[in-house]
Amino acid sequence: MIRFNAVSKSYPNGTTAVDDLSLELAEGGITVLVGPSGCGKTTTLRMINRMVEPTSGTVSLRGRDIREVHAPELRRGIGYVIQHAGLFPHRTILDNIATVPLLLGWSRKKARARAAELLELVGLPEEMAKRYPNQLSGGQQQRVGVARALGADPPVLLMDEPFSAVDPIVRAELQAEFIRLQKELHKTIVFVTHDIDEAIKLGDNIAVFRTGGKLAQFDTPEQLLAHPADDFVAGFVGQDRGIRRLSFVKAGEVPLRDGPVLTATTPVAQARAAAEAWLLVVDDGRRPLGWAPAAELPASGTLADASLVPLGHTFSLVGDSARAALDSALLSPARLAVGVDADGAVVGVADAQELSAVAAAEVGEPAANAEKADGDDR
Amino acid sequence: MSDGEPLVRWQWIGDHAGELADYTGVHLRLGLLPVLFGLIVSVPLGIACHRWRWLYAPVLTVTNILYSIPSLALFMIFVRYTGLTERTVMIPLTLYTLSVLVPNVVDGLASVPEPVRQAATALGFGPVRRVVQVELPIAVPVVIAGVRVAAVSSISLVAVGQLIGQGGLGYYITRGLQLDFPTPIVTAIVLIMLLALTTDALLVLAQRLLTPWSRNKVTSS
Amino acid sequence: MNDFLNQVRLVGDWLTSSQQWHGDDGIPHRLAEHLTYSGVSLLFAALIGLAFGLLVGHTGRGAFAVASVANLARAIPTFGLVVLVVTLAGLSTTPVLVALVALAIPPILINTFEGVRGVDPVTRDAARGVGMTEWEVLIRVEVPMSLPLILLGLRIAAIQVVATATVAAYPGLGGLGRFIVDGLSRNDYQLVIGGSAVVVLLALVVQIVFTALRRVVVSPGLRVSASRS
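Chains as they are written, first to last, in our numbering: chain V, 1 to 378; chain U, 1001 to 1221; chain R, 2001 to 2229.
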């Protein structure tokens, strides 16, 4: 849908912002451009709506060279969200959102009706409509910025570090809201950030840029974490990318074994016969009660009489990722993660070794090789 | 003016050099003392407006109204009380400087970064010492920017005072009109502009010497 | 204080005596002259000052020239300039008006320029980003956002023009300054103080007009950030 063909941008002072970029962005997904400052990610974004003109090469949108379209006209058809929102301080919130419809010549009434709709869509109360930007918090301004960009319902949305100027709590809120919106709207979104965590959280595809305006890797987040193209990308995605990769494996895909699961009514003698160091004690509904160390079982009676060590936490097979499962294994006194179903009943257990193996298999390589690759990097 | 009369007769300037120098001295006094008086009034007034924010709007309204009154009318109002003296020229000129100096003192104090203010308090400065030793020095560049505007306007306005006989170099402006002779008028205009621009340049220099820490920064006027 | 009341009474008597309200020497005629001088020169100065201020502010080209012109213009003694113009061109209105226009341009020019240049680059970038043409960026964003400073420039220019038009009575022009200048030469103190009172009233009206204008045309969204009224 958006295609860069051998695009370069250099400035008269000799700096090269973007160097021979060829890239094709698919329709209807979120592509994140990420990299350190000065890597040309923002320049790349701004070449899509002709805020920056390339020195050489072509950018095309739906098969059409964007230079064939008059720049203001092109921009009215592309949503644009920037870091500090860039709202017009002299206009009310409603008129800010109505900007593009008004530029397109809609009637004031129709434009305002559309703006009111968008205000609701981005989760702002109706009474904000009459306020001015400097009466809003940074997070609220950013929501208005998104609403303004959606004014004429453009198929493409460009977002230049839209959430980086707000505090972490608001940022997490805005990100969640953004994911919800995208599920509803299915726009083609190009999103610039310097924050790799944000890129992995939001992106369907990620383009990693290195300083000097070169594209280092273009891949899905999973592939990026599993197979960084080189040392630069590996360094940029961080030392903990192995763990982070587990976020992309659903907990439901983790193979579990039955494990030493016994109800509280089990006689101690029977429990000893299991010959396990730790026993997972559950109630009648198979909901976990705690771990019983075999060495400290009472002489007689049932497991209800045993002193239990708390679980740490369980992981849900329906909602969690393998990353939560691994965390559960690490915190468990028995070094076993406990998987539960939607009712909280124990389905099975797995240890850290088994979890990392499944994660490696998920991205198509044996665990041993993955470790070796990591070793080479260091 | 008679035909063939040149804009400037250099001969006249040469003949009147001594007298011109005397009037230049008077002009400087009439133009610059009001700026000094204005500063003496504006600094405490500005500090008060900074401290008690509600005071600022009414003070600004009054200084703006004073500034909007034409100098000729203001001179006439004071003639009754101070006669045809230099004071009658300097009092209105002092009042005019307030409309530039007070806002600049307030803006200058507002330009003190909050962490600096808090650090000074934490180090044990009392409110008065903090203003005098920390906040005012930081406000100096903004205040001097205001002083520059006030000084230049004041020097060029002095000439109107000639209508009550106290105009410094303005003397040559009325003299030239009476004699239908442009040379004194042109000379007076050029000298007044030179005085104003030289004063401006000296104030820029003074600011550099007073605030060595801001030397690499660009200060707007 | 007693003397002040005497002065007020003097002004009151002068204002209410019927001869001040008729003929070429009456207040209405002098006021009309004064308003014509001030209005015409302010109008031309505004057209020129706004056009160049917006152009230089929007493009950023010629910024240094604008700053230098404004600085230099402040140093010009307006009284001297008006007298020089009369000495050189004789006693007619047009040359003096040209001088008034020249004096009123710099404050409008520099404040318009600074207003436009002071628009947050992020806002300007956003305006282009949503698809405004350069003209739309100027008219829909930069001008409304610069209005506080544009009005400040117009107000300073108006004050200067009104004051200089008063002084223009000295070399022989009409306007409200006539009362003061004639009163001085005739040693008629009532005429001087009466004329001064009318000039002060006019200045107050100018001040009120600009305060009202500001209330009406400046967006409430900008009020917080604009500190100088």
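No wet-lab data here; the hints were simulated from the structure. A few of these clues could be false.
[As the list claims (entries may be wrong)] Chain V stretches covered by chain R per the calculated footprint, using a threshold of three residues with CB under 8 Å from any CB of chain R:
| # | stretch |
| --- | --- |
| 1 | 79-91 |
| 2 | 99-106 |
[Said to hold, decoys possible] Listed below are several chain U residues computed to face chain R (Cβ distance under 7 Å; list not exhaustive):
| # | residue |
| --- | --- |
| 3 | L1020 |
| 4 | S1068 |
| 5 | P1070 |
| 6 | P1141 |
| 7 | A1159 |
From a predicted model like this one, the values you see are computed outputs, not experimental measurements. For glycine and all other residues, C-beta sits at the position ideal for the given N, C-alpha and C.
In ascending order, which of the hints set out earlier in this document are inconsistent with the structure? Per hint list: 3 and 6 violated.
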